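K.L.:
Produce the entire structure from the sequences given, and follow the hints as far as they go.
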Amino acid sequence: MPRKADPSDLVKRVRRGDHAAASRALSLVVDEHASSEALAKEFFKSAGSAQKLGVCGPPGAGKSTLTGRLVAHYRARKLQVGVLMVDPSSSISGGAFLGDRLRIMEHATDPGVFIRSLASRGMIGGLTHTIFGAIHVLEALGCGKILIETVGTGQDEVDIASVADTVVYVTTPAMGDEIQAMKAGAMEVGDVFVVNKADLSGRDKAVADLKAALGLGQSAGQARRAWEPPVVATSALSGDGIAELGAILDAHWEHLKKSGEGRARLKKQHATELQFWIQRRVIKTALDRVNDKNLEELVAHKTDPASLGHRLLRN
Amino acid sequence: MSGSPIRVLIAKPGLDGHDRGAKVIVRALRDAGFEVIYTGIRQTPEMIAAAALQEDVDAVGLSLLSGAHLTLFPQIVKILRKKGLKDVLVFGGGIIPDEDVAKLKKAGVDRVFGPGTPLQAIVEYLNEKLRVAA
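First to last, the sequence lines map onto chains A and B.
706 is the number of the first residue of the first sequence in the working numbering; add one for each residue after it.
397 is the number of the first residue of the second sequence in the working numbering; add one for each residue after it.
Keep in mind the hints are simulated off the structure, nothing from the lab.
Any given hint could be a false lead.
Okay, derived cross-link-like pairs now, DSBU-like style, lysine-lysine, Cα gap no bigger than 30 Å in a straight line [to be verified]: (1) A:717 - B:478; (2) B:479 - A:750; (3) A:746 - B:479; (4) B:525 - A:783; (5) B:482 - A:746; (6) B:419 - A:717; (7) A:746 - B:474; (8) A:717 - B:501; (9) A:989 - B:525.
All values reported here derive from a predicted model rather than from experimental measurement.
P.N.:
Put into structure tokens, the structure is as follows:
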């Protein structure tokens, strides 16, 4: 888009809380525009200023509606809130239907809330490559709480743990027994577990099953950790349990700040951000060098993928 | 891939809750490689404009079947422009009498698609209007 955007002016406007500037900056960062690195450098200065809450869990668990409830909870306490909602891009068309925003439209006109829908753009693991850049823009905008909703992929969402400070795993009474909860994956990285749709039957059993599954580590002789993930029942529909969940999320944030775990997580997040950058840069640079002549050489067996790959990376 | 996907907000202003048409458009645009955000039904012009601003979309598509288009569509264009979204393309569709189309165009709605429009025509229109600029 031929819209003029002086990087330093844009950064200043974002820091002043200008939503239009933040929106533009987000596009430049997410689209990996040529000017985005200079911007990202500035926005990175704000890194670590907000509590990043990763909301994950299977599709249909009520993540978006719950996110909307948490936004209201934080707004009642006058906190600035940022929301990033990731939905999958089609591997076929490259297009995406970003359908989470409509669940929280009641916050659309609140100047203390900034919501952005992101497409995964080819990345698996429930996130998108440029998620960190987007987070730093919202931090610079002054958001004290940033809710990140992942693609509802369910069991394999471990990536969120290297992005968020607090991982909220959302499930429902209808999502299976404790055997499901014992599997590896997202269950291992949750800091807080939510049994949403608590208005449905089976709530108590679901909470008990989750607690039982989470407690198996101790039964197996593992030491009690400084933070044992609590299980809370909520109804995003009625709002029941949201205040309790909010208090638990605050307690986790306090725990992170006091225990040194917060710094450890921030370091891990930065390591992941660096990893994403290197992966993108190296892969893209190498792939951009592939031309038809290379492929013809492969077809003619004049070279092989590994030799060609080494050559492309060396150049 | 050539450039970033075009982002489009599909919105339903006003009080009519019939959004099958809007959903069909959402689906067609997704399949044509657009990133589509849908607001859901019964949105105020302010809500739609705020969503367009935060999502930094290239176009806003408005769907309305209730007959309030002459009031709501121009209002939405006005708020978008006031928010500084000067080059966001606004288009519309729904049950809109031919004699209203000129009035809507004058108010800044670039194009109005009536019932029976082939989906491909909308895809081509957006590609033509927005791909060049990208």
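K.L.:
Give a verdict on every hint.
P.N.:
Hint-by-hint comparison with the structure:
1. A:717 - B:478: holds, 21 Å
2. B:479 - A:750: holds, 28 Å
3. A:746 - B:479: holds, 27 Å
4. B:525 - A:783: Distance ~41 Å between residue 525 (chain B) and residue 783 (chain A) Cα, so the pair is violated.
5. B:482 - A:746: At roughly 29 Å apart (the allowed maximum being 30 Å), residue 746 (chain A) and residue 482 (chain B) satisfy the hint.
6. B:419 - A:717: Since the Cα atoms of residue 419 (chain B) and residue 717 (chain A) sit roughly 39 Å apart, the hinted pair is violated (cutoff 30 Å).
7. A:746 - B:474: Violated, because 35 Å separates the two Cα atoms, which is more than 30 Å.
8. A:717 - B:501: Roughly 37 Å separates the two Cα atoms, so the pair is violated.
9. A:989 - B:525: At roughly 29 Å apart (the allowed maximum being 30 Å), residue 525 (chain B) and residue 989 (chain A) satisfy the hint.
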